[in-house]
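All chains, please: the whole structure from these sequences, using the hints.
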Amino acid sequence: MIPFKDDNPTRTTPYLTITFIVLNVVIYLMQITSTMDPRTMVYAFGAIPHYLITFQTIQPIHPVTSIFSSMFMHGSLLHLGTNMLFLWIFGNNIEDQLGHFRFIIFYLLCGIIAAYSHALSGPSSLIPMIGASGAVSGVLGAYLLLFPKARVHTLIFLGFFIQVLRLPAVFVIGFWIVIQFINGLVSKGMASNGGVAWFAHIGGFIAGIILIRLFIIKSQRIYYPH
1 MIPFKDDNPT
11 RTTPYLTITF
21 IVLNVVIYLM
31 QITSTMDPRT
41 MVYAFGAIPH
51 YLITFQTIQP
61 IHPVTSIFSS
71 MFMHGSLLHL
81 GTNMLFLWIF
91 GNNIEDQLGH
101 FRFIIFYLLC
111 GIIAAYSHAL
121 SGPSSLIPMI
131 GASGAVSGVL
141 GAYLLLFPKA
151 RVHTLIFLGF
161 FIQVLRLPAV
171 FVIGFWIVIQ
181 FINGLVSKGM
191 ASNGGVAWFA
201 HIGGFIAGII
211 LIRLFIIKSQ
221 RIYYPH
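Residue numbering for the sequence shown is 1 to 226, as defined by my numbering.
Incorrect hints may appear among the rest.
[Claimed, not checked] FRET-style restraints, in silico, Cβ to Cβ:
no., residue 1, residue 2, range
1, T10, P38, 14 to 20 angstroms
2, F55, S76, 28 to 34 angstroms
3, F160, G81, 18 to 24 angstroms
4, T12, V196, 29 to 35 angstroms
5, R11, I105, 16 to 22 angstroms
Derived by calculation from the structure, the hints in this document are not laboratory data.
Here a beta-carbon is modelled for each residue, glycine too, at the ideal position from N, C-alpha and C.
Shown next as structure tokens:
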């Protein structure tokens, strides 16, 4: 199941959503063209759970700073493409609701909470986390709360056949978060040698649901598509 667009028009141009996407792409290009060893770069600028908890680090930057650097780094083109696709589909509507400045704060806060959700799930881990998925998960949580009935164009794979369906956001995003919870629970019973930061997704998603209520109440604005 792969969403690729929604039927949810916006009233404003999503400058910040576009900016975040461009920054992620530019930083990924810098990663793959850098003379620094990729592993060294990830350990230098990724968010490492043990350091996030203890504030002790051998990294060249402060552990809190690593949360922000890690949010714009990705491990592969697929990793980058998936996160940016979800951000493009759902981020413009959240930016439209919050306004540009509030959207920056919302996005970064979701990323911070996601990073610490991951860190608390394995506080002794020295494996770095990178990717925008924690912050993007917050966007998904906000979208689910505000636009559960919005239609999302989704690719459904049925063996060799591909079907395009317009599904309610509550189904598409709901299915996604259920998968995150299942994989998160399964991963707790396994030795961790890297992989997907499931609890960052879960933490970011819950943060998005909670924070969007506070931000919407504060801004006193909410628009619904016609």
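Each hint tested on the structure:
For the hinted restraint 14 to 20 angstroms between T10 and P38, the CB-CB distance of approximately 37 angstroms leaves it violated. The hinted window of 28 to 34 angstroms between F55 and S76 holds, with their beta carbons roughly 30 angstroms apart. The beta-carbon spacing between F160 and G81, approximately 23 angstroms, falls within the hinted interval of 18 to 24 angstroms. Range check, T12 to V196: about 33 angstroms between beta-carbon atoms, so the 29 to 35 angstroms window is met.
Judged by the Cβ atoms, the range 16 to 22 angstroms given for R11 and I105 holds: they are separated by roughly 20 angstroms.
In summary, the one numbered hint that this structure violates is 1.
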